[in-house]
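Visitor: Sequence:
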Amino acid sequence: MISEPERAPAEAEAAEALASGADMDSVLGRLRDKGFSPMDCIRAVMKLTGSPLSDATRVVHFSSAWPELTER
Numbered sequence: 094m095i096s097e098p099e100r101a102p103a104e105a106e107a108a109e110a111l112a113s114g115a116d117m118d119s120v121l122g123r124l125r126d127k128g129f130s131p132m133d134c135i136r137a138v139m140k141l142t143g144s145p146l147s148d149a150t151r152v153v154h155f156s157s158a159w160p161e162l163t164e165r
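When you read off a place in the sequence shown, starting at 1, and then add 93, the result is the number in our numbering.
FYI, nobody ran anything at the bench for these hints, they're computed from the structure.
So the derived label-pair ranges between C-beta atoms look like this:
1) ASP118 - SER147: 14 to 22 Å
2) PRO98 - PHE155: 27 to 35 Å
3) PRO98 - THR163: 30 to 38 Å
Beta carbons are placed, not taken as given, at the ideal position from N, Cα and C, and that holds for glycine.
Construct the complete structure from the given sequences, taking the supplied hints into account.
Guide: Listed below in structure tokens is the structure:
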């Protein structure tokens, strides 16, 4: 899990990227590269999109940033 001081700037950068037209998969990939765990990414999706937990979980689990989550 990422620390709180690292979370805010990364989420702000993610919000800017989404506002500039980046797709969620690329944003999640950037968050993963910054040390976000799947749960951190789920929280970020919820915060960035206003999605409920179930939708945010689905977005993360089926993203190209976390392919191992669907290789079961």
